[in-house]
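Trainee: The residues making up each chain are set out below.
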Amino acid sequence: MPELGWELKKGLAKKNPIFMLMLGLCPFLAISTSVENALGMSAAFSFVLLGSCLLVSCIRRWVPRNVRIPIFVVIISGFVTVTELLVRAYSPTLRERLGIFLPLITVNCIVLGRIEAFASRRSPLETVADALGMAGGFCLAITSVALIRELVGTGGISFFGHTWTLLAQSIYGFQLSPGGFIVMGVILAALKKKGVI
Amino acid sequence: MEAKPIIALTLICALWGMVLGFVHQLTEAKIKEAEQKEKEKQLLQIFPGCTFEEENGIYYCYSENQLVGKAVEVQVRGYGGPMKVLVGIRIDNTIQGVRVLSHNETRGIGTKATDPEYLAQYEGLAYEQLAFRPEGEVEAITGATITSTAILQAVREAMQHA
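Protein chains in written order, with my numbering: chain A, 5 to 201; chain B, 9 to 170.
Among the hints, a few may not be true.
Away from chain B, derived, C-beta distances all over 10 Å, residues of chain A [unchecked claim]:
1) L27
2) L54
3) V67
4) V71
5) P74
6) V78
7) E120
8) L155
9) A172
10) Q173
A partial selection of chain B residues facing chain A, derived with a Cβ cut-off under 10 Å [claimed, not checked]:
11) P13
12) L17
13) L23
14) R107
15) S110
16) Y126
17) L127
Across the chosen pairs, the derived CB separations fall in these ranges [claimed, not checked]:
18) P107(A) - E48(B): 22 to 32 Å
19) G199(A) - L34(B): 42 to 52 Å
20) R141(B) - Y94(A): 39 to 49 Å
21) E131(B) - I63(A): 52 to 62 Å
22) F185(A) - L34(B): 39 to 49 Å
23) Y68(B) - N70(A): 37 to 47 Å
24) L109(B) - T147(A): 46 to 56 Å
In short, the hints are calculated from the structure, not lab data. Glycine residues also receive a C-beta, built at the ideal position from the N, C-alpha and C atoms.
Go ahead and model the full structure; you've got the sequences and the hints to work with.
Mentor: Written out as structure tokens, the structure is:
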């Protein structure tokens, strides 16, 4: 099925949730300060997106049109709570790093956006492809921005207890939100110029 | 009024409530354990090699069955919201060590005042010395005045409690 391949691939570039749809930028800017945080956020986000999209797609025929949004939000917040409980139990350090942005995945517009625009209208199989692509696109975007922000902002990369110092000088501003916007803008410009998105 | 939306909402909420209750039960013990471990790790940083006993929120620290001091957890308001500070006090009422357990300070600015290197200046101080220079012996950090003040306040409060 060529369509399924497109649903999977579109999230990575042509409909990248961060660079193209420009959704969920608040947690994106807050968390993309280090590669480790970015990967942690990607994992939590992917779980919530995949889980809630799949569930919505499975029950889409029984959801009355006029109360669909409350039902979607209940489903999303349920998955977020499950994620938070699991993270608190098995990785307190990750919880410390993500802080308030872990529970805030509930109001991340990428999740509700994908459910409303895609999962509530399509089959579970297509939905899984879409959610995987969107999660991959989010992970790709946040990790690449985090890589630059951490490298330029702190002068090195730290990863699971190892720290590599790569630059003699660092510009601290890249760790703050304005730096995040600048990095994002430059990447966006480069991607547009190359015609990737 | 249609009944279908009401039934759908009630069903989904009840079902999800059950799932959440189940996950909560699965993880509850593990979460408690993780939190306890974290606190013990912080306590051990202040009082290395000690064993701890909790009573009314105060941790009594024993080294070879000898009471060497106690640790108190205080919550104060920082720049970004509540901040939890753990203060270790020696038996002679001087400070053994200070650690920030949780905070929401501005990364890179307020967090400078939560670093162990900054907090090390509190070691060995007595209650009378707990004020900013020149009145006392504590140095504040430029740009992190509110955070520094909150920590100072937390330490003073802890000394009063213990």
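Trainee: For each hint given before, does the structure comply? Return the numbers of the non-compliant ones in rising order.
Mentor: 3, 4, 5, 6, 14, 16, 17, 23 and 24
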